[in-house]
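Engineer: Spelled out from the first residue to the last, the chains are:
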Amino acid sequence: MPAEKNYYTIDPEGKLTCLKCKVPLVKGKAKFMYLDNGFPVELPVCPVCGFIYVPEELALGKVASVERALEDK
Amino acid sequence: MAQIQERGSTHVYKVSKIAQEEVDSMVSRCVYEDPPFCSAACPLKLDTRAFLQAAASGDLNKALLLYEKVTPFPLVLSSGCDAPCEKKCRLSEIGDAIAIREVEAAVSRYGQAKKASGVFRMRKKQTVAIFGSGLFTLFLAGELEKKMYPLTVFCEEAGFEGFLKAAAGFLDEEAFRLELSRLKGKEIHFEFGCRLTPEFFAEKRAAFDVVCASEEAALRFFPEAVCDPALMIYEAERLVMGCGGKEGNDGATHADGTLGTGKTGVMAAAFGAKKAALTVDRLAQRLDPRNTRGNEGPSESRLYTDLSSATALERVSKAGAVYTREEAVQEASRCLDCHCEECMKSCAFLAHYKKHPGLIGREIYNNTQIIMGDHQLNKPMNSCSLCGQCTVTCPNGFDMAHICRSARRNMVETDKMPLAPHEFALLDMLFSNGEAFLARPQPRSLPYSIVKEREQADAPTDSSSLVPNGVGADTWTDSGSFAPDGAGLDTLAGTCKYVFFPGCQASAIAPATVRAAYEDLCRRLPGGVGLMLGCCGAIASWAGREELTKQTRAFLSQELSRLGDPIIIAGCPSCKKELSEFWPGLILGIWDVLLEIGLPESEAVPSPDSPMGQQAADLLNGNHSDAPEDETDASSDCLHFHGRSVALHDSCGARGDEKTQNAIRELMAQMGIELVETPYSGDRSPCCGYGGLASYANPEVAKEMTDKCLERSDLPYITYCMACRDRFAREGHESRHILELIYGTDAGSPPDISEKRYNRLTLKNTLLTELWQEAPAMQKRDYPLRFTEEARRLMDSRMILTDDVLEVIDELRKTGDAILDQETGLSIACKRVGNVTFWVKFTVEEDGAYLVHSAYSHRMTVVKREG
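Going line by line, the protein sequences match chains A and B.
Each residue of the first sequence is one higher than the one before, counting from 1 in the working numbering.
Each residue of the second sequence is one higher than the one before, counting from 1001 in the working numbering.
Please keep in mind that the hints were generated in silico from the structure rather than gathered at the bench.
Remember, it's a predicted structure, so these values are computed and weren't measured experimentally.
Check before you lean on any hint, since a few could be wrong.
DSSO-like cross-link-like pairs, simulated, lysine-lysine; straight-line CA separation at most 27 Å [unchecked claim]: (1) B:K1088 x B:K1345; (2) A:K73 x B:K1045; (3) A:K15 x A:K62; (4) B:K1379 x B:K1354; (5) B:K1703 x A:K62; (6) B:K1069 x B:K1184; (7) A:K20 x B:K1814; (8) A:K73 x B:K1186; (9) B:K1204 x A:K29; (10) A:K29 x B:K1045; (11) B:K1355 x B:K1045; (12) B:K1379 x A:K73; (13) B:K1864 x A:K31; (14) A:K15 x B:K1841; (15) B:K1864 x A:K22; (16) A:K73 x B:K1355.
One chain only, chain A, in its complex shape (with noise of 0.2 Å):
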């Protein structure tokens, strides 16, 4: 497996807070999956729930060109 890339950074550290459990998004370890490929990434993640969240901008630049790149193959 690919080395884990990182696509996004919390910055200001702790702007993102889990409104259920009401504590900050921390960076955690997460995997991209589409069409029987996987890709580790770290992505803000609730330390409590598990929560994970992928921001407007990666879903729309690189997961989106990622997509169309696996649809072609």
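Since the structure of chain A is provided, determine the placement of chain B on it from the hints.
Structural biologist: Only chain B this time, still in chain A's reference frame:
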């Protein structure tokens, strides 16, 4: 909620090969790569088109370079060539052919030959000798020198002048001087003043790998020599020789079939020398000279040239014996630069990819056969609107739609088709044939109500006039189409003679128009008119999903049977076409029916009493604050088309359906609307960009298609397909569906994707409530939801529906899962719906309403990773 299975692994090894014969037969219809007629006619295969273009641009050096590719002695050739190219020049059909030979002569005279660098030219090892003199020998020597053979010419003449004189004594002084210097500049070893006797030949030949001779010399060496004119060889002695006449003519290649002498033998000698040089090549390599010779000589071309733009029809006259440089440039400028781009002129898809259809067609076929690696043609394959315009504009009937459809089906079948480009449309179809589907016989509340007097006065007495030209027309007229009052009541048993099928786009874009049309048909058509709101299945078919297409057809067939196999009255030409693919019964267009029964009494029938939507909207979502604007009674607005000029956009669904095209024109004439025909109307009409799901797979190309339609006229467009109306209006061009004019309704500004769904559902529910007195099952939301304008815009461009947002908010209310971005103050929640994860950015208002600021989505799933 309906779902479609995402395709499996990226590592798919399935291949279903499309038959090579199909590929070849489809692709070879494109004549783009056929040579222009002038080149095809030239035995030497001069790229005449490029030559004339170079000359026309004033670059005589480049033109000469092209000419020198086919002949080592341009002035000799151009002095005597019999110019078969000119006879085939397309301009000769409407005026004077281009004086190609004259231009060649001028180019040969004024162009500066480029000195060959010689760096990459390796001299061959095999040696060649030529015995004799004359035109054939001269050309052959030039050809072999070009091929870099160490070459020796044995001739009886005393020097270069004599040798050239013997070959081309007809040259004028200037030309002779130029060609002499060209001859001297060639790397040919001459042995002048030889006595060409059989003994001499026998003595010399052993030193060479290949020997050649003029016909005269060959006959002197071997009186019994017989030349094979196709190979220019005397087989018994393996002697390459000229044949067909004293000058080395090849009678077979002469355009008029005669043997020429002197000047008139130039072309035959040049062509003979070309063939002989190829034979020398084969012999030098110890190969059979018969094999691998390629296409020699003139050929036929299937190229098509549009002559309508040709203006300079008269040949430029020359002041002297030869064109001056200026005259030659002017004459060459008359060249039409024959290219067949008929389909590309009018098709935004082909224009976008800048490839001729033969090429892109083959690439698309190849795309289906890739097992691993990038399918780079997926996007182009899914960007064709499948409208069939190219098949009409192409002189050879090239069928891009067939290629793209067949490729899409193949990709789906082998599990290589990505779902993403078509998923939204397919789900929309499932929505139309699911939640928003309606099939009912004529309601009791809307009986057939033509008063007898009017019927007697208006009904055509000659029943044959009622017969449309379609198949099964008898069904349409039998049993007294205009039955007595009250005939509609018979339909209460649950069957009906007709069913109105307006099409999913009409219900989505102009629900009040659909209702007005339906009510009119109910009142004026006897025998019962049912209503079917749904999708004809074109979407599944366009997407190449055969299984889904079959299911849709089976479903619609079953529903139609439940209504008693009625005659379908389609509201959309594409639906009519698609339904006819599987429905054996009669299918009419509403335009056919309106022509028969006449327009409604006033073109501006009042809109339904109860405005569309509101009641159902309240039921659906008590606090839905974003109900789309109702279609308004815009009779006065629509009537302003009276006497005004409008452009008619023919639907691509009606291509080949002249009856439909004419019916629309007739209805417009009856309404007193003046129609201005645009370029590419009727069968040649382009697609608005909706067809073939182009707008889902490639919005950019789809927009170019819309623009292409709109550039034909600044006048308001009248359409008879609701999708066209919608796409034109979306681009800010005034457009109306013909039914809006007929029923005085105005669908207003184009709805967004959520409104389109909402309109369909609301139409169904309103009609169920108001016409059939049924209580529709509707889910009530118990919280209000609002959108910022920006959120609406983003959702529309990102293909996110209000329903998707509602799913997210429902999930949020259930689980409480969301985050807060303290910088923006926006909360963010998500939900996976089918194959897509939707994210919604929102705030909660004081009244408890959710105000959506933005929404986005991705198809990837995201999971927590341990370790």
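Engineer: Would you mind confirming whether the straight-line C-alpha gap from K73 of chain A to K1186 of chain B stays at or under 27 Å?
Structural biologist: violated (56 Å)
Engineer: Next pair to validate is K1703 of chain B with K62 of chain A; report whether the Cα-Cα distance is within 27 Å.
Structural biologist: holds (25 Å)
Engineer: Would you mind confirming whether the straight-line C-alpha gap from K1864 of chain B to K31 of chain A stays at or under 27 Å?
Structural biologist: holds (6 Å)
Engineer: Is K1379 of chain B close enough to K73 of chain A, meaning Cα to Cα at most 27 Å?
Structural biologist: holds (12 Å)
Engineer: Between the alpha carbons of K20 of chain A and K1814 of chain B, is the straight-line distance 27 Å or under?
Structural biologist: holds (12 Å)
Engineer: For K1204 of chain B and K29 of chain A, compute the direct alpha-carbon distance and say whether it is at most 27 Å.
Structural biologist: violated (87 Å)
Engineer: Within a Cα-Cα threshold of 27 Å, do K15 of chain A and K1841 of chain B meet the stated pairing?
Structural biologist: holds (15 Å)
Engineer: Taken at face value, is the distance from the CA of K1045 of chain B to the CA of K73 of chain A at most 27 Å?
Structural biologist: violated (43 Å)
Engineer: Checking one constraint from the list: CA of K29 of chain A to CA of K1045 of chain B, max 27 Å. Satisfied?
Structural biologist: Since the Cα atoms of K29 of chain A and K1045 of chain B sit roughly 67 Å apart, the hinted pair is violated (cutoff 27 Å).
Engineer: Please work out if K1088 of chain B and K1345 of chain B have their alpha carbons no farther apart than 27 Å.
Structural biologist: holds (25 Å)
Engineer: Hinted pair, alpha-carbon criterion (27 Å max): K1355 of chain B, K1045 of chain B. Please report holds or violated.
Structural biologist: holds (25 Å)
Engineer: Straight-line Cα separation of K1864 of chain B and K22 of chain A no greater than 27 Å?
Structural biologist: holds (20 Å)
Going through the hint list in order, the structure does not satisfy hints 2, 8, 9 and 10.
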